[in-house]
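Generate coordinates for the entire structure from the input sequences, incorporating the hints supplied.
Same order as they appear, the protein sequences are chains A and B.
Counting in the working numbering, the first sequence runs from 1 upward without gaps.
Counting in the working numbering, the second sequence runs from 111 upward without gaps.
Worth flagging that the hints you see were computed from the coordinates, not collected in a lab.
Quick caveat: nothing in here was measured; it's all calculated off a predicted structure.
Don't be surprised by glycine CBs; every beta carbon is placed ideally from N, CA and C.
Possibly wrong hints are sitting among the right ones.
[Said to hold, decoys possible] Derived DSSO-like pairs (lysine-lysine); straight-line CA-CA distance at most 30 angstroms:
| no. | chain 1 | residue 1 | chain 2 | residue 2 |
| --- | --- | --- | --- | --- |
| 1 | B | K215 | A | K22 |
| 2 | B | K178 | A | K36 |
| 3 | A | K41 | B | K163 |
| 4 | A | K41 | B | K219 |
| 5 | B | K164 | A | K40 |
| 6 | A | K41 | B | K164 |
| 7 | B | K164 | A | K52 |
| 8 | A | K40 | A | K18 |
| 9 | A | K40 | B | K219 |
| 10 | B | K215 | A | K41 |
| 11 | A | K19 | A | K40 |
[Claimed, not checked] Here are the computed distance ranges between Cβ atoms for each label pair:
| no. | chain 1 | residue 1 | chain 2 | residue 2 | range |
| --- | --- | --- | --- | --- | --- |
| 12 | A | T108 | B | I175 | 37 to 47 angstroms |
| 13 | A | A39 | B | K219 | 18 to 28 angstroms |
| 14 | A | V110 | B | G162 | 23 to 33 angstroms |
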Amino acid sequence: ETGVTQTPRHLVMGMTNKKSLKCEQHLGHNAMYWYKQSAKKPLELMFVYNFKEQTENNSVPSRFSPECPNSSHLFLHLHTLQPEDSALYLCASSQGRGYTFGSGTRLTVV
Amino acid sequence: KNEVEQSPQNLTAQEGEFITINCSYSVGISALHWLQQHPGGGIVSLFMLSSGKKKHGRLIATINIQEKHSSLHITASHPRDSAVYICASVIGHSNYQLIWGAGTKLIIKP
Chain A
1 ETGVTQTPRH
11 LVMGMTNKKS
21 LKCEQHLGHN
31 AMYWYKQSAK
41 KPLELMFVYN
51 FKEQTENNSV
61 PSRFSPECPN
71 SSHLFLHLHT
81 LQPEDSALYL
91 CASSQGRGYT
101 FGSGTRLTVV
Chain B
111 KNEVEQSPQN
121 LTAQEGEFIT
131 INCSYSVGIS
141 ALHWLQQHPG
151 GGIVSLFMLS
161 SGKKKHGRLI
171 ATINIQEKHS
181 SLHITASHPR
191 DSAVYICASV
201 IGHSNYQLIW
211 GAGTKLIIKP
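As structure tokens, this is what we get:
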């Protein structure tokens with residue numbers, strides 16, 4: 001356990017479903033991130049939240065919708081996904097230059 | 111352009127061998143992370159360093175700021191060290207962002 005908890009660990013969803021990924025940290029970090037890792041590719045930054053405010057959206061399609069209700073929780077709402085969205089979704093938090101990562105959610109879109 | 115290059119891309123070695131993974135970056139950074147990702151997906155931060163050398167158990171990380179180069183060494187390698195090792199440079203001095211290397215897949219055979 002790293003201090004950043006992601007649920008669920010695995011998710012299989014159809015293209016018409018709506019689901020949400022959850023990330024939680026109680027490390028007192030002020031920034032939280034969503035990353036996508038597709039097979040054999042480097043991590044891609046999706047969203048950044050600093051003190052609950054979204055500071056970065058890396059041209060992510062609108063079928064991915066982040067929510068940060070407080071500095072400890074981060075959600076990624078998913079709807080009408082495509083098979084190419086199947087990937088490992090990693091949450092991270094940071095304070096200064098130090099980062100902590102969650103274990104990821106392995107998402108399969110069928 | 112900010113780039114992080116890792117080598118080798120893949121490395122297979124016998125148990126007990128001394129392992130070196132290299133990382134080069136193209137622009138000035140405020141720190142560099144070495145991270146480990148096991149097949150399950152979760153990422154663990156091994157080191158964050160901005161100068162010199164750090165050691166933790168059988169792992170040693172060094173960085174040469176002038177040459178923009180860092181190395182991760184594993185002494186007395188063991189099959190449980192098999193994982194993907196990723197370096198990521200930290201840029202910025204107030205809003206820290208990570209620039210990711212592509213990772214080195216390490217397999218240690220018994």
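Open item on the list: Check the structure against each numbered hint from earlier and tell me which ones fail, lowest number first.
Closed with: Of the numbered hints given earlier, those the structure breaks are 7, 14, listed in rising order.
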